[in-house]
Amino acid sequence: MTKRYKSFIRYFFFIVGLLFSTIAFSQNEFIIKFVHTANGKRIIQNDSIYYTPGGEPYTISKLKYYVSNLDMNTARKSCFLIDAFGIDSFTVRPQIGLYAFLSFLLGVDSARNVSGAQDGALDPLNDMFWTWNSGYVMFKLEGNSDSSLADLHRIEHHIGGFAGTNYTMRRINLSLPKKMHANTGRHVITVEMNLDNYWRSVNNISISETPVIVTAGALAKRSADNFPQMFTIKSVE
Amino acid sequence: MKTRITISLFAFVALAVFLIGAAKNDGYGSFKPKPLKLEIPKGWPKPTNNIFVNNKLTEEGFQLGRKLFYDGNLSSDGTTSCGSCHQQFAAFSTYDHDLSHGVNNTFTDRNAPALFNLAWSPLYHWDGGVNNIEVQPLNPITAKNEMGETLPNVLSKLKADTSYSRLFKAAFGDAAITSQRLLKALAQFTGSLVSSNSRYDKWKKGELKFNPIEEAGYDIYKTNCAVCHAEPLFTDYGFRNNGLSLNRFADIGRQKITGLASDSLKFKVPSLRNVQYSFPYMHDGRFNSLEAVLNYYISGIDHDQPMLDPILKKPIVLTEKQKQQLKYFLYTLTDTAFTKSKRFAPGQ
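So the protein sequences, as listed, match chains A and B.
The numbering of the first sequence is this note's numbering, which starts it at 1 and goes up by one.
The numbering of the second sequence is this note's numbering, which starts it at 238 and goes up by one.
With the rest of the complex left out, here is chain B:
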């Protein structure tokens, strides 16, 4: 009797497993995404908030995110993708543009920031208004002077494009296309953009030697820049008022987010990595060259600005020669393995 119950129980379970398995087989094959791990470069801190805890990083999720990042259908007229303003060869900033172009011949009102090492950033945007990498794309997608589209429209366009159902299924287990999955996939791509293979990184690892100019430049950097643009990420991810005058958009920066007068004209400290390619500089792209930026810090700061960051109250003094040395050091932060990586380029 006992054996019979065991046998029938076994048969019942087997039948149930078979039925569940059959129901799941919808022609796309089984759901076995390939897990990926965000590599933390040697000597770097752990990311402050692990962006992949609630968004399991997989090859399939990354590839879906990559396709979405370069898909113009995320914009109202099909012309503008994330990659339009975040160009890989410019370290995912807009090359040689103070402001970027949105749909309908519009201009953005801030300089498109370079995108890399985002997993280490506690907040996003120049003013830190975005508190999670996953919800960042909602801004450019819906802004009238960026992609000018609505979230429901984006989803219906993706649903109409049959190539996506297979990719969503591969990344998330079924073919449902939702805003949450769209945003999580994009975060898997953008969060994976790690730039850590510059000449500086190789020097740190002892794989090459700096020339005397670069060495001198590094010392100048350590003395004058390293508090805010801290190694190894070359930013402290702080928000600081570096004395810039209010621009024509009356952009008060972080104060708009916090409502605090003490945050007036504070903007995020950008990383100096790939700075050779991310010009023009500052939140509104007002400086066209590294020369102009250095000149600003040496002689352009308005020291009467009441909210000027205390660290800039002490003047920065550099000779012409030192400026050149510093620039040569900054060029060592260029990571062409990153800007030319096929993995981050549009798919074929």
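One chain only, chain A, in its complex shape:
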């Protein structure tokens, strides 16, 4: 009886040990954090006035976008919603190895745009889904500007469209300042999104000309072309 009991205990601890070691190994993780700047400063919701490179003043009430399909084996099918004034980071557990790049899709891939009711980041409750013309809003920027002739001087840039030539997803490739080992505990990669480059980089986007963009098409694509210019690696640790 005692012997049997002992072997059971031994077995029990073996299993528990196995479980713990699994958890310990899976602690290797990258935390991807986004910080959002305009005019060289971290943006503040509503209260602060920023200027586009073209000199148009604006405030920001909402800034949300999708980050998906990370080029990191385990996270290829992942999808995260970043909210500049809410949850602005996520954690991935990459396969063990050396990483020299951070590569992700800004937006939601085509397959997910036609896959029906979804949950998590893609739940329509997140207010990032177009109902009348099915598809996700990839990037949403809202605020106000004296340069806007729209109702209440508002800015509403809901950039979306996934089909045919109207696609607005853009792959963002960022090289890391140093190669990162994915087998040595927890790393934080901080990515800066610079809104100045949203208004002027590849294309020049004027608030007075286009205060409201809420459909897929040429205007949305012009905005999307600026996405890759907005992101840089701020720090890795």
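Hints may contain errors.
[As the list claims (entries may be wrong)] Simulated pairs of lysine-lysine, DSS-like, Cα-Cα distance not exceeding 27 Å:
#1 B:K459 <-> B:K560
#2 B:K293 <-> A:K77
#3 A:K140 <-> B:K459
#4 B:K441 <-> B:K579
#5 B:K493 <-> A:K140
#6 B:K493 <-> A:K221
[Unchecked claim] Covered stretches of chain A (chain B as the covering partner; in silico rule of three or more C-beta atoms under 8 Å from a C-beta of chain B):
#7 106–117
#8 140–154
Read the hints as simulated data drawn from the structure, not as lab findings.
Just so we're clear, the structure is a prediction, and the values are computed from it rather than from any experiment.
For every residue, glycine included, the Cβ atom is placed at its ideal position computed from N, Cα and C.
Please arrange chain B on chain A, whose structure you already have, making use of the hints.
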């Protein structure tokens, strides 16, 4: 020693199974939904996109969807359910209404389409703007002139109604009420609405004979209507410009979705099945009778419409007698087994 390890291992596994089982037992019983299969009528094509691949069709899911379809709590003031505008006796269209009524005495700006054989439809709405049956209900639920409600409000009302936790548990394994489950359950009900038991279907199966008028009508249909309203679904699910003038809502149809000028005033070709009950006709219900529709195709089309579908450039010529024969054929597409099926009616 080996035996002892085996015994202790067995005990350990048994304990784990017991604990997992106990944790799952929350008073609702075990999760064993009854699987259903969407029956494909004989001679019909397979549905283009299998809507139940990622939404396993079960009796419990269907029944939850049925209850939701007829629940006025999906609207802002509790008055308007999906079934308010999609009436079973009218093949799930709004009977005798060009436009339907939304909450707060509003009017919709399109005719409520009849709902059946949706599993075969590659796109939804008159303009094809909805690409998956599961996300379609988001439109009527949130439209100000339909159900006028928000998704978070719908979910909190369903959570407050204790009868739903049992139904969600039965359909999905636990009692969580989420937007995804709400939409998937609705799709299980609407996707199951199959109409395939009309007089025409029985004739095709050799179970009855058409009378000479119906036979003549079928020939007229084959010659004049069958390209767009193709058998056996009586639509090709295409989007076509049939020459209708721009209406008072400036509704340009499919062009609004694709942004292409070539899609100007294109609307989905509706099925002719149950056409006897789905009047008024066209995307805005502008024609009140089959007579008016036939007259339009015979003499009302504006042939100068630049985007007119090429197939309509050739005039349709029918005598009064042929019109009557065609109508009698169209009546054979009425499926009263469908419009009276208790399975699709509100639960008791």
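Evaluation of the provided hints:
1. Distance restraint check for K459 (chain B) and K560 (chain B): the Cα-Cα separation of roughly 13 Å lies within the 27 Å cut-off, and the hinted pair is therefore satisfied.
2. Restraint check for K293 (chain B) and K77 (chain A): satisfied, since their Cα atoms lie roughly 22 Å apart, inside the 27 Å limit.
3. As the CA atoms of K140 (chain A) and K459 (chain B) are separated by approximately 50 Å, the hinted pair breaks the 27 Å bound.
4. A hinted pair counts as satisfied when its Cα atoms are at most 27 Å apart, and K441 (chain B) with K579 (chain B) qualifies at roughly 25 Å.
5. Proposed proximity of K493 (chain B) and K140 (chain A) is supported: the alpha carbons are some 21 Å apart, at most 27 Å.
6. For the given pair, K493 (chain B) sits about 17 Å from K221 (chain A) by alpha-carbon distance, which is consistent with the 27 Å threshold.
7. Check result for the region 106–117 of chain A against chain B: holds, 5 residues qualifying (beta carbon to beta carbon below 8 Å, three or more required).
8. A stretch counts as covered by a chain when three or more of its residues have a beta carbon under 8 Å from one of that chain; for the region 140–154 of chain A and chain B the count is 0, and the coverage is violated.
In terms of the numbered hints stated before, the structure departs from hints 3, 8, listed from lowest to highest.
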